[in-house]
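Going down the list, the protein sequences come from chains A and B. Position one of the first sequence corresponds to residue 1 (the numbering used here), numbered consecutively onward. Position one of the second sequence corresponds to residue 1001 (the numbering used here), numbered consecutively onward.
I should point out that these hints are in silico values taken from the structure, not numbers from a laboratory. Quantities reported herein were computed from a predicted structural model and do not represent experimental measurements. All C-beta atoms in this analysis are idealised placements derived from N, C-alpha and C, irrespective of residue type, glycine included.
EDC-like cross-link-like pairs, simulated, lysine to aspartate or glutamate; straight-line CA separation at most 20 angstroms: (1) A/LYS4 to A/GLU191; (2) B/LYS1003 to B/GLU1019; (3) A/LYS157 to B/GLU1029; (4) A/LYS2 to A/GLU188; (5) A/LYS34 to B/GLU1029; (6) A/LYS275 to A/ASP286; (7) A/LYS161 to B/GLU1019; (8) A/LYS92 to A/ASP132; (9) B/LYS1045 to B/GLU1016; (10) B/LYS1045 to A/GLU255; (11) A/LYS295 to B/GLU1010; (12) A/LYS160 to B/GLU1019; (13) A/LYS4 to A/GLU351; (14) A/LYS157 to B/ASP1026; (15) A/LYS160 to B/ASP1026; (16) A/LYS157 to B/GLU1019; (17) A/LYS34 to B/ASP1026.
If you only want the chain B side, here are some residues facing chain A, beta carbon under 8 angstroms, derived: (18) SER1030; (19) ARG1033; (20) GLN1043; (21) ARG1072; (22) PRO1073; (23) LEU1077; (24) THR1078; (25) PRO1079; (26) PHE1083; (27) ALA1084.
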Amino acid sequence: MKAKAVIIGGGVIGLSLAWHLGRLGWRNVVVVEKGHLNGGATGRCGGGVREQWSSARNIEIMKRSISLFKSLASETGENVWFRQGGYLFLAKNDSHVAQLETSVKLQNEHGSPTRMMTLGEIHRLCPYINTDDVLAGSFNPNDGVLFPFSVAHAFAKGIKKHGNTLITHNPVTNIEVQSGKIRRVATEKVEIETSIVVNAAGTWAPAIGAMAGVDLPNYPEKHEALVTESLRPFLRPNLVPMDSGLFVSQTMRGEIYACLGVEKGMAENYRSSFKFITAISRAMVDLIPRLSAVKVLRQWGGYYDITPDTNPILGPVEGVEGFIQCHGFMGHGFMMAPAIGEIMAEFMVHEKIHPEIENCRLIRFQTGGLVAEKMIIG
Amino acid sequence: MPKTFICMCEDVTEIEIREAVRAGHDNLESLKRYLAVGTGACQAKMCVGAMLRIIAEETDKDIADAAPLVSRPPLSLTPLGYFAGLEKEQGEK
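Build out the structure end to end from the sequences listed, making use of the hints.
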């Protein structure tokens, strides 16, 4: 078959990009996914979305993402279970308080309604949490949580509505490059002739890069999550105690979802661990003592797609014309997917180069360049 | 048949599962991530047999060939306080 563009990776990033390409009028776009939808990082993530970031770029990207998430259900006809209960960051030392104050100021300058919260305000918002060591918090009511399974299916539905194609259970076996240009993608089910390939394979991006002779610096880091039995809604905001890297949220289905990374560095597998379940249970009970009696349903592992300077890798690469990168989202690709998909689609369709693409090209690792983001959680 | 429930925890009916299988979600892992079947209190312990049978009926797969669902710990519902206490006893950080 022939395609205008082939997107490798049916995670939330690749799906969002394909949806945006369709919205901008591109047809004959093919997404290839090696397994089933939600089998990788998308289906393993917490679904949290927030405007509370420490850099102007990420604040703007997230404002746009949240606005697109809000209309996703009506545009695609799939309920994505969006609940805007806010994010509450909790600081337990002076440096974290200062970090929050700086970020809140920057977020306010970008029109985001984040504000610092006193202990009294924190108690009124979340009566069940233990604030013994907490000094202050920051809260943004626009932040929230969605159901990742449904978001992936919403994008997939949108892609099909545009007449574009999604092929699951179809690993890529080779990318053919001829005189420096993309020519063909070989997959298990079909050979696709194309001049544009997008690498949206997340943690698996380096393997895809290697097929086209492009060396990528990403590596997978294991992060783990659990979910409890469903409870009556009681926890409005998503909670992030900054000292522990813990994230706790109550989903629209009533479950308490929590995640934490207990093994830093290159992961060997994403099997769930005993070390995780004990560490996170202790952190959760410390944060919300009443959770002690709440039962765990299941735990699982997943990967963060890590880059050396904590920023993603976007846009074209030197040496292979038509090979576009879109990965390295440091465990935050889910929340950024709607805006990143739009930015990348505008680049591909209208050749519009958003500053984020200019900043995040692979070549920066040779030329030097980007400031690390502070508010990476987990 | 429309009101025959297969996944009691997540309120998923037989007809919904048949429609999902016909739409291409013809294995347990894919079904789980489409309908959230098996993600409730029983963790698929009650519904897995019925789902396998429906997949076999709707496709040309043998029940034995329809891949089983990856099982995730804990084996049965366990309070957070139990795990939190374990760590303290072992003195781990």
